[in-house]
Each structure stands twice: as structure tokens, then as C-alpha cells.
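Protein chains in written order, with this note's numbering: chain A, 1 to 294; chain B, 1 to 390.
If you're looking for bench data, these hints aren't it; they were derived computationally from the structure. Treat the hints with care, since some could be wrong.
[To be verified] Among chain B residues calculated to face chain A with C-beta under 10 angstroms, some are: (1) W55; (2) V93; (3) K139; (4) K143; (5) Y146; (6) L150; (7) Q152; (8) F158; (9) V275; (10) I279; (11) L282; (12) A286; (13) S316; (14) V319; (15) Q322; (16) G331.
Yeah, the Cβ is synthetic: ideal placement off N, Cα and C, and Gly gets one too.
Residue-level listing of the chains:
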Amino acid sequence: MELLIGQMFAGLSLGSVLLLAALGLSLTFGQMGVINMAHGEFMMAGAYTAFVVQRSISDAGVSLLVSIPVGFLVGGLLGLVLEAVLLRRMYHRPLDTLLVTFGVALILQQAARDIFGAPSVDVRAPAWLQGNIELLGAPIPLTRLFILLLSLVCLAGLVLILRATPLGRRIRAVVLNRDLAETSGISTRRTDQLTFFIGSGLAGVAGVAVTLIGSTGPYLGTNYIVDAFLVVVAGGVGQIKGAVIAAFALGVLQSVFEFSTTASIGKVLILVLIVVFLQLRPQGIFSLKTRSLA
Amino acid sequence: MNTFLQSRWGVLAGFAAGAVLLLVAAPAALSAFNLALLGKFICFAIVAVGIGLAWGRGGMLTLGQGVFFGLGAYIMAMHLKLADASLFGGSGVPDFMSLYGSGEVPGWWEPFRSPAVTLAAVVLVPGLVALLLGLAVFKRRVKGAYFAILSQALAAAFAVFLIGQQATTGGSNGLSGFRSFFGFDLKDPANKLMLYSIAAVVLLLALAAARQLMHSRFGELLVAVRDQEERVRFLGYDPATIKTVTYVIAAVVAGIAGALFVPIVGIISPADVGVIPSIAFLIGVAIGGRATLLGPVLGALSVAIAQTSLASTFPSFWVYFQGLLFVLVIGFMPGGLASLPRIAARLKQRGAGHSNARQGSPGRRRTAPAPVPAAASTPAASTIPEEASR
Chain A
1 MELLIGQMFA GLSLGSVLLL AALGLSLTFG QMGVINMAHG EFMMAGAYTA FVVQRSISDA
61 GVSLLVSIPV GFLVGGLLGL VLEAVLLRRM YHRPLDTLLV TFGVALILQQ AARDIFGAPS
121 VDVRAPAWLQ GNIELLGAPI PLTRLFILLL SLVCLAGLVL ILRATPLGRR IRAVVLNRDL
181 AETSGISTRR TDQLTFFIGS GLAGVAGVAV TLIGSTGPYL GTNYIVDAFL VVVAGGVGQI
241 KGAVIAAFAL GVLQSVFEFS TTASIGKVLI LVLIVVFLQL RPQGIFSLKT RSLA
Chain B
1 MNTFLQSRWG VLAGFAAGAV LLLVAAPAAL SAFNLALLGK FICFAIVAVG IGLAWGRGGM
61 LTLGQGVFFG LGAYIMAMHL KLADASLFGG SGVPDFMSLY GSGEVPGWWE PFRSPAVTLA
121 AVVLVPGLVA LLLGLAVFKR RVKGAYFAIL SQALAAAFAV FLIGQQATTG GSNGLSGFRS
181 FFGFDLKDPA NKLMLYSIAA VVLLLALAAA RQLMHSRFGE LLVAVRDQEE RVRFLGYDPA
241 TIKTVTYVIA AVVAGIAGAL FVPIVGIISP ADVGVIPSIA FLIGVAIGGR ATLLGPVLGA
301 LSVAIAQTSL ASTFPSFWVY FQGLLFVLVI GFMPGGLASL PRIAARLKQR GAGHSNARQG
361 SPGRRRTAPA PVPAAASTPA ASTIPEEASR
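Generate the whole structure from the sequences, applying the supplied hints.
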């Protein structure tokens, strides 16, 4: 029983990290059909933000709470610049955006190496996040619980923005049919910019979160980007609910596979599973019924 | 100049010049060390020929060529390890296995003791993996970004798998320290020259095959699928089969390149086959011109040469440079260097109302009036039977 709870929680925790990484990716992917390989590097930027903030604010608790909004800003601004300089020129060429942003990712990685050095750095977790709580006899690390809550808060915030604000209506309109939205008087330029700001900002928050469970290095992003993409693909492009289901399902399955086999076999099994799943639902769990996303 | 290079005689002349350059001039002019380096670059160029077909002609952005390269390479490496062990060790067990493992050769290594099985597997295993994935993906009309991400995930999973199997694949150290190649001593300069020549000949053969393919009805169909997949389907062809066959060809070519890479370079490790090397394969192809025949090869060779000469002296600078290359070439010159003359020509006639170059599908179809079978004529017997619509 304890083992089961422990495994379930490990899976949920992995899923919440995947969700944080994939939420913003799903948003930007759905918006312009852009495949942002630099999303993982935006996470890395968020993680280094937490490191820098902690150097100026020595209290780990305060620095964590400050890092989250600052990480959001840093990620968001990087996204804005990327969108303005490169991506807006090429949103009918989704495959090329993948390679262009890969180039950006290489540059950001090398920049991180030159600024912070190649070895990983550590961010201290605040005292109130150290230790475990017991859940039906299974120890649950508080940091993991915090990340789970953070991902749910981000999810709620994003859903609220998309459902209840004029900006959200505009974003949804542009995702559904860019041309019609433009004709209806929506500024797709501004909407793109804001979507990218939010989506990339979420990557920054995800980066701050993962500093609680591991060290921060120039390659932090590459560890997450492939899994985050798999979540988006399995969930259905631009589908927040799909991303949520896929993230937690992949998290739980991966932790079960890794528990019953080895970490490396588990990864391979997950991939096979996704290919099989795409046989059943080629467009992911949910798909947009629209002509504009052919 | 450009039109000459892309005409039939131009290609033939270029082919002959390339053959002389690779097989006569390079061995005469280069030191043994540099010749081995060139051999390594040629292996990358062979991979690039396959990518040029799949990506440039077929529009399939394959981010997982490292997997097929790695499959070919590891199969060859396993054979060389086993052969060395029985030639020099006597025990028949590769050195690293006694170090990290149980000291026994695992069952799935055993078939690769046989040179014939190895040579067949180098071609068949990458081909089979590509066939399975291609059928699974293309039959269900999973395309574009989905395919790219799946192929990338495959590369990631493959690297993780290799690293995890320390006892049987050498883990992150990979396999190295080969001493012989099918009975030939790898230290002997004559044998090194032989290996280089094999690689050069394979490159030339791959190029010739790619050209034949591009100028066949199949090649026409492939371009048609890239540009208008639905219309090709309505004409009665099955785009999934066309794409799968091309993907398999690209995989086989990459596998052969990997198998040549191992004896020439002397090591294969997960660092050569993971996500980043798999994407790095693409940059040379993009720079040279993905939709042309020679572009991918020349691009791959020049990037590899630039990397070797720059990365050792300025490692940090090289990464920035590589990133910038991706951004500039893909973002602003999707046709690669091969499109430069065309861009110049267009700039010259700007204002003449002549702009039919579509973004996203770089490269021209063809210039020379090569034998074009009328695409819409009655399908020949060799064409794929109509697939029941889903």
C-alpha cells in the first residue's frame, strides 16, 4: 500500500513537472503552429533566475517566492524577443521553426555555459519545504508537493485567462481560425505576442520549480524538451485538457515502467506506447475540429 | 553557372570531377591523419544524401537519423569487438565485458560474430526499424510536426537505452579500441586507405542512386507528396507508401554510413547518435540546399570541415556559430546556398512582377527536360494500388 501510494505520487510529481513544461509549449504550439525547441532553454533561464535571485536574497523562502514571478518575466521576455525577431516571419513553416529555434537553443545553452560555467549550480530549498509528510504511511517530499500545487495553480491561472478574459477570447479565436480572427478586427500580431509572453513565461516558472528537485546546468532544457513535446503530441496540439491528461498519464506510466523495469527500458516503452496510441488517435487525445489547422 | 550545375551534363561532369577528387587527388594530397578525417566527413555526407531525399524531396523532417546511423555503427562495432576478441584475446569475450559485465557475451551479440550476418544486418536492421515506424506513422497520416517529434523522441530513447546498458553496449563510453577490420589490421596505412576509398565509393554510389531516384517517376511522386499530399492521394497513389519507402532508403543509407564510421573513426558512443547529433546532421543539408542533389553533400562536408578546424581552437565560438547558422539559413534562406543564384536573379528582376517562389518548399523541381512521365497519365503497373479511403 505504501509502495503503491509512493509510486503513484512519484508519477503525479513527474507528471506535474511535465505539465509545467508542456503547458506553455502547448499554448505557443497551438497559437502559431510554432515548434519552439528553445522552450527548454527558457526553462533553463528560469532556473538560473532562481539561482541569481537567491544570491541576492539569502532567505531561501523569500527568494523562491520572488523567483517565481521574476522567472515568469524572464521566460516571457525571451519568448517575446524570439517571436518578434524570428518566428513571426515564418508561421507557415512549422518544421522550419523547429530548426530555427534549435539554433536559438544552442546559442542560449552556450551563453549559459559562458555566464554561469559548465558545472551545475544548486538552489537551496527553503526550510519549510524540507522533509516529508506522511500520506497513508508513504513519505511524500514537500518539494514535490509544492511543485504539484504550483502546476495546478498555473493551470488554473491559464484556464482562467483563456476562458474569462478578452485576451483569452482573442487567443482562442486566433488558434481556431487566424484569418477569420484577423478579419473580425482582432490584432493577431498583438495576440501572438501576448500568447508567446504567457507561454514562455510558464517555461520560466517551470524552470524555477525544477530547481527544487535537481541542480541547474546548461543542459537542463534538453532533459525536458523531448518529454514535453511528447506530452503535447499525445494530448493534441493546442489542447490544454489534453496536455493535462497526457502529462499525468505519462508521468504515472513512466514511473510505473521505471519501477518495474529500468529507467532506460521505461523510456523506450513510453515511446512505443505513444506511437501505438497515435495509431488509435493520430491527432492526440483531443483535436481541434477546424479547417485552419490542416 | 547554376543552371549548368543542375543540368544533366553538369551533374555528370560534377560527378566525375568529384570521383577524381575523392579517389585520386585527396589520397595523394592529404596526410594519413587528414585522410581519415575526410573519411569521417564522408560518412556524414552519406547520411546527408538520405536526409536530402527524405527532408528536401519528401518534406519529412527526420530528427532521428542518429538512430539509424547508430544502429549501423553499433552492429559493426559489435562485430569488430567480437572478431578482435577471438583474434587477439582468445577468449572470444570483448575486453569491456569482463570489466563491467558478467564476462559472458550476451545472446543478442552472438549473431554478429558472423561477417555475413553483420553486413546484412547493417542494411536490414535500420531499414526494418524505419519500415515499422514509417508504416505506423504515415499510414495513420501522422505528419509534419508530429513525425518530427516522434523521430526525435526515438533518438532520445535510443541514446538513453544505450547509456543504460553499460554491461552490453559499453554505456556512455560506447565501443572503441578496434584493432582489425574483417581480418585487416586497422593500423596499417594501406588498410586505412582502403577504408577511406570504400567510404568515398559508397558516397558516390549513394549520390548516383539518389539522382536516379530523383529523376524517376517515384521521385516526381515524392515531390508531389511533399507539396500536395491530398492531390496525390486523389490521383490514386498511396502517399504513405511513398513516404515510407523514402524513409527506409534514408535509414539504410544512414546505417551504412554508421557502419563505415566505426572502423574509420575508431569509436561509437551515445554522444554520436542522440538528439543533438541527429539534429546537427541537418544543418549541413540545409546550408547546401536540401532539395538539390549535391547541396546536402557539399553542405555536410563544409560544415564538418569548418567544425573540425574551428571547434578545437574556439569551442565556445563554434557553438554560437552553429546556432547562428541554423537561424540564418533556415530562417532567411530555406533553399540553402543552392538558392543564392536564384535569389540574386530575383533581386535583379524585382519589380518585374515575377515572384512565384513559394516559401516552405525550397528548390526547383528540375531544369533539364529529363524524361518526365506525364504525371496524370494512366498509372503504370508498378504504381501502388488505390487505398480504400478511411
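Q: Would you check whether S316 of chain B satisfies its interface hint, that is, whether its CB is within less than 10 angstroms of any CB in chain A?
A: Since the shortest Cβ distance to chain A is 6 angstroms, the answer is holds.
Q) At a threshold of 10 angstroms, is the proposed contact between V93 of chain B and chain A supported by beta-carbon distances? A) violated, 23 angstroms
Q.
Given a cut of 10 angstroms on the nearest C-beta pair, is the interface hint for A286 of chain B held or broken against chain A?
A. holds, 7 angstroms
(Q) Hint W55 of chain B vs chain A: min CB-CB distance below 10 angstroms? (A) Hint holds; W55 of chain B Cβ to chain A Cβ min 9 angstroms, cut 10 angstroms.
Q. Going by Cβ atoms only, is Q152 of chain B closer than 10 angstroms to chain A?
A. holds, 6 angstroms
Q: Closer than 10 angstroms between Cβ atoms is the bar; does Y146 of chain B clear it against chain A? Give me holds or violated.
A: holds, 6 angstroms
Q: Using 10 angstroms as the Cβ threshold, decide whether F158 of chain B counts as touching chain A.
A: Because about 8 angstroms separates F158 of chain B from the closest Cβ in chain A, which is inside the 10 angstroms limit, the hint holds.
Q: Grab the minimum C-beta distance from V319 of chain B to chain A and call the hint holds if it beats 10 angstroms, violated otherwise.
A: Because about 4 angstroms separates V319 of chain B from the closest Cβ in chain A, which is inside the 10 angstroms limit, the hint holds.
Q: Grab the minimum C-beta distance from K139 of chain B to chain A and call the hint holds if it beats 10 angstroms, violated otherwise.
A: Status holds, d = 8 angstroms.
Q | Closest C-beta approach of L150 of chain B to chain A relative to 10 angstroms, hint status | A | Holds, because the Cβ-Cβ distance from L150 of chain B to chain A comes to roughly 7 angstroms (cut-off 10 angstroms).
**Q.** Cut-off 10 angstroms, beta-carbon criterion: hint that K143 of chain B touches chain A
**A.** holds, 9 angstroms
Q | Status of the hint placing I279 of chain B at chain A (closest C-beta pair under 10 angstroms) | A | holds, 6 angstroms
Going down the numbered hints, you'll see the structure goes against just number 2.
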